[in-house]
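Trainee: Chains as they are written, first to last, in numbering that gives the first Met the number 0: chain A, 0 to 417; chain B, 0 to 434.
Hints in this document: simulated from the structure, not taken from any laboratory. Values in this document were obtained by computation on a predicted structure and should not be read as measured data. Each statement offered as a hint is correct.
Derived pair list, reagent style DSS-like, types lysine-lysine, alpha-carbon separation capped at 27 Å:
(1) LYS405/A with LYS379/A
(2) LYS168/A with LYS204/A
(3) LYS138/A with LYS168/A
(4) LYS204/A with LYS217/A
(5) LYS36/A with LYS343/B
(6) LYS233/B with LYS36/A
(7) LYS340/B with LYS36/A
(8) LYS204/A with LYS405/A
(9) LYS118/B with LYS162/B
Counterexamples of contact, computed for chain B against chain A with all Cβ distances above 12 Å:
(10) PRO13
(11) GLY28
(12) GLU115
(13) LEU332
(14) ILE336
(15) GLU345
(16) TRP348
(17) TYR411
All residues carry an ideal CB built from backbone N, CA and C; glycine is no exception.
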Amino acid sequence: MQVREQAPVLSDQQLERNFADIAPPLTPDYALLEATKCLFCHDAPCTIACPTHIDVPAFIKKIATGNLRGSARVILEVNPFGHSCARACPVEVLCEGACVLNARDEQPIKIALLQRHATDYVLAHKVQLFQPGKPTGKKVAIVGAGPAGLSCARDLRRFGHAVTVFEAKPQPGGLNTYGIAEYKLKNDVARAEVQDILDLGVELKTRVTVGRDVAFEKLLADYDAVFVGFGLGHTKSLGIPGEDLPGVMDALTFIERLKTHPYRETKVGRRVIVIGAGNTAIDAVTQAKRLGAEAATIVYRRGEADMSCYHYEYELAKRDGCGFRFHAVPQRIIASGQGGVAGLEIKTSQGGETIACEMVIIAIGQGERAEVAVPRDNPKVFVGGDCANGGAEIVNAAAEGIAAAKQIHEMLSGRKHG
Amino acid sequence: MADLRTDFAGIKSPNPFWLASGPPTNTYGQVAKAFDAGWGGAVWKTIGEPIINVFSRYGSVDLGSTRMMGFNNIELISDRPVADNLKEIAEVKRNYPKHAVIASLMVESKRAAWHEIVKQTQDTGADGIELNFGCPHGMSERGMGSAVGQVPDYTCQIVEWVKEAATIPVIVKLTPNVTDITYIARAAVKGGADALSLINTINSIVGVDLATFEPQPSVGGKSSHGGYCGPAVKPIALHLVSAVAADPKVTIPISGIGGIATWRDAAEFIALGAGSLQVCTAVMHYGFRIVEDLIDGLSNWMDERGHRTLADVRGRALPRVTKWEELDLNYHLLAHIDQDKCIKCELCWTACEDGAHQAIRRLPRDNGGPVVEIIEEACVGCNLCALVCPVQDCITMEQVPNDYPAVTWKEYAAGKGKLAPRSEHFHTATWSKSR
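Extracted from the complex, chain A is given alone in its bound form (with noise of 0.2 Å):
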């Protein structure tokens, strides 16, 4: 991409650690005194409150124990992405948020780093920790090597069946290799909790794009399922004049690069906006900052408390040092007489007003797919992950893949399960 003036490149010292773990692995000291602290509540909240329900409880008993293979089976058994949600999950709202310590206005117990260091245990010592079912002779494709069709694809091979994945991207793993904010989630842990799925006999065919490369009909006639877990589309686009400059980049796009390449080698505007206020924008701006933008900067049409971006998202952008305009409606983005972006035109209710910036980036979500038109209604269809949810988190989509996965076993066996 052309950047008209660039920040200066930082030091690969700096680089890696502004990309470094932002919530390190306990120590096994810290992992037994958190994991004792743990009341082993019934009925409990925490697990209420995760889409996979996985017994944190018991899990983390386990961990004071030392069984720690057990624990790790313990989360793997109902979330096959338990690595990539032990550092990615908004557990703040989900399972942490519901432990019952916040009641006693104590910290809670810290679910996410407990569920990291017993599924580390596991990547570590390589356990194999699954078994593939007997064949039953029933095949099954799925669409889209994300969270939600590889959680599938993992309870699919449990049961015995054989399973095809179709993925359009030259990797497998979806929004975790290719869209976590890289100071959240790394590669290697994304790829090696992928080949754990992988391990148990799923075919993988990158690179197929269902609806260009093979037609879906083609799918529903050689295949006796399959599960559509294709994720969302583009990031849909502003509609204002000079969202085509070079300068102005998508955010799934600007972060797929920097997830890809070494950091060095993803350059930055020396001022970088990004416009919207969710999730993706805070991985975006955040990102922007910690590659050396001078300035990294939200706007966002409306004001504080309509940002969409989770609390503590938002708390740890203003701790990286970035900035924030509300209720500023971006109306142009202006070219520099060098052939890239000059700044940024906004409307105010002070009127207009342009804030100057060489890079723009595009974070208002993802629109649905338009390539393929998926009959929902045939009953060997199935849909989960953000193409069904209309874009949530990693720990919905394994929820959703695991229940399809059910879901069609119970078809393809003609019984219930469990």
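Could you slot chain B onto chain A? The hints should help.
Mentor: What follows is chain B alone, placed relative to chain A:
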């Protein structure tokens, strides 16, 4: 996957985890729920002539913020009619034929009374009988419980009476409130017991309310000594289990009881000779669900260590329990501090300086380097610094090899063997003064 199936004196259960006789095994509903949760067996709350309980019954010793590190009770045996208990035992056994159901019994010390209760119990289809000779409070004042279990002759006599009528295995539950438990164990064996279980609870007062001077648990301002149990008693139980298991005159199986709360505790009891395990306090704290990790943790550990069955583990630590006089005097240790891990709390120095052997030196904090170091010529390898250190693996005890063959006190006292040289500081009164 490890095979946890258990055959204890002929009593079979899918795993070695049994509920101990106590409040969790008071009713059909509880025991059925426990079996559904995964428990392998249950020893019914002691049956006898129904008693009347006081209202305040349990007391706790908390360790910092950890609740119920120790626990005691002044509750008596079942307050439900004998017939109701027996009917429910029969019902559990009918609905859970593969689980071990054992009736704990306690009646007055009369031959006819024991014959009668044993026969009635056998009619239920129970897999075994446990004789409660251990309950240390209340019942003992009436000549039952530990009043029997503290006298070898009484123990032997009642076991004989029971065995006259019994057609199913008889387990004798031992009290730890004796000077030497092996005397009682041998008396039970002499009487014909098929197995032993230990330990019952330990005499205790868990605390005193300093505002009112009421001992706990208080019953209208007064209390009575109660039976102590929970994690705090595990080391006592481990010792007594190992003492009985190692006694050549006791050849019958042992069911281990006393503070078992995790699979690690269970594995330790098995390693010291237990053939099955009984749990009560941990269930009273956290519910029947804890059995899931007891089973899962034990199986995972056995798989990782290559132990296929419980027999592969049972008694494995016993040959390593010995008399002090058999320990090697030439096995020398030295504490080692990993300075990279040290967080500079100086707890090791405080403990060693005031509480042990003055073998750690303090260094100035202002130089940025280490603040403590081991004085090797003074260290006696006692472990205290490693025990108080709050960082895992920061202080380790490392063997200092020497060329001297092992020599025990027994040998040395008999004039055999040579002691490897020890630090000159070990026995000097001037060492701490000189510093």
